[in-house]
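Visitor: So the sequence lines, in the order shown, correspond to chains A and B. Residue 70 in the working numbering sits at position 70 of the first sequence, and the numbers go up by one each step. To get the working numbering, take the position in the second sequence, counting from 1, and add 1000.
Derived from the structure by calculation, the hints contain no laboratory data. Note that the structure is predicted; figures quoted are calculated from it, not measured. C-beta: ideal position from N, C-alpha, C; glycine also. A portion of the hints provided could be inaccurate.
What the hints assert, rightly or not - DMTMM-like cross-link-like pairs, simulated, lysine to aspartate or glutamate; straight-line CA separation at most 20 Å: (1) A:K82 with B:E1171; (2) A:K82 with A:D9; (3) B:K1038 with A:D13.
What the hints assert, rightly or not - Just a few of them, taken from the derived set where beta-carbon distance is under 8 Å, the chain A residues facing chain B: (4) R79; (5) E80; (6) M81.
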Amino acid sequence: MEGKRTKVDIIGDMLSSIVGKGGQIKPTHLMYKSNMSHGQMKTYIDDLVQKDLIKKVKKNNFDYVIITDKGHEFLQKLREMKEFERAFGL
Amino acid sequence: MVQVVFSPKWFWGKDIFIDVIALLVLLSIAVFATRYYKIKKSKNYLFLAISFCLIALSFFSKILINFTIYYQVLHTKVIGSMTYTQTILQSSEILSFSGLFLYRLFTLLGLYMLYSIYEKQSKANIVLLIYFIIVSIFFSKEEYYIFYLTCFILFAIISNRFYQNYGKNKEKASAMLAASFSVITISQAFFMLVNFTKHFYVAGEVVQLIGYVILLTAFVTVLRHGREKNKGRHNR
Chain A
1 MEGKRTKVDI
11 IGDMLSSIVG
21 KGGQIKPTHL
31 MYKSNMSHGQ
41 MKTYIDDLVQ
51 KDLIKKVKKN
61 NFDYVIITDK
71 GHEFLQKLRE
81 MKEFERAFGL
Chain B
1001 MVQVVFSPKW
1011 FWGKDIFIDV
1021 IALLVLLSIA
1031 VFATRYYKIK
1041 KSKNYLFLAI
1051 SFCLIALSFF
1061 SKILINFTIY
1071 YQVLHTKVIG
1081 SMTYTQTILQ
1091 SSEILSFSGL
1101 FLYRLFTLLG
1111 LYMLYSIYEK
1121 QSKANIVLLI
1131 YFIIVSIFFS
1141 KEEYYIFYLT
1151 CFILFAIISN
1161 RFYQNYGKNK
1171 EKASAMLAAS
1181 FSVITISQAF
1191 FMLVNFTKHF
1201 YVAGEVVQLI
1211 GYVILLTAFV
1221 TVLRHGREKN
1231 KGRHNR
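Turn these sequences into a full structure, and let the hints guide you.
Guide: Structure, rendered in structure tokens:
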């Protein structure tokens, strides 16, 4: 069984969910896709916006979260890190 | 007198080249492990980075010793006067002793740290094992093979852990990592036999080179796999 997710795992899941939806996603969908509570998601979104990994935009009266280039780069690093972790058995 | 030159003369310089490759491979892995440590703050990454750095440092010490001896001391012996050569040889004794000590210390500490990532230990155990490492380094001053025997055992245990990891995840990169450490383990066996003939040193260096090339390939595979996964997601 997998252990408790770390902060980095949660961020990775969030960014992957956004990319999986073509680079933009509604906050509610993001919440379900990354298995988070509403409060938790709000904190993480604010944190990621501050770090310039995602952006909040409004389209047709709906809120969307989109991934930035920096977010794509960070996700790539996370995936490399995961592979590294698996290969070395860390 | 401490035995420093294990290489046959025709192999001088080539062994330095092999050690430079090993050093670069180890440093690249250490750099990436440090980057990942900054992201995840996991101690395992930090220990992995430090252990690879220590082994890289040991190669650096070995390169410095060999470079100085091959290209300064022994060269001078051929062209210089007797008195001048003797002075250099005396100073090279100090250099060889301290360089060899550092080479062995960094190697064994690095390997032990790598081993400790997979075999968690109490503080008392860590102190005890560091003591044994230092003792083995002093004994290997006279009987050099003790150092390579210790390396052989540590590399063998670490390789076994990598094979166990491969058994769990069946990843290509894990298999390559286990293979690379096994090949490096074999190279230590060749180094143990250097006293019989210096050709074992050449064999050890060549096998070691193969091991580090496989390690580099495993590392590149890990990075490439991570990037391909990302591209796959981008294209969805």
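Visitor: None of the hints should be skipped; say for each whether it holds.
Guide: Checked hints:
For a cut-off of 20 Å, the pair hint linking K82 of chain A to E1171 of chain B stands: about 12 Å separates their Cα positions. A hinted pair counts as satisfied when its Cα atoms are at most 20 Å apart, and K82 of chain A with D9 of chain A qualifies at roughly 10 Å. This hinted pair checks out: K1038 of chain B and D13 of chain A have alpha carbons roughly 19 Å apart, not beyond 20 Å. Because the smallest distance between the Cβ of R79 of chain A and any Cβ of chain B comes to about 4 Å, under 8 Å, the interface hint for this residue holds.
Contact between E80 of chain A and chain B, as hinted, is supported at the beta carbon level, the nearest pair being about 3 Å apart and thus within 8 Å. Interface hint status for M81 of chain A: upheld, as the beta-carbon distance to the closest one in chain B is roughly 5 Å, under 8 Å.
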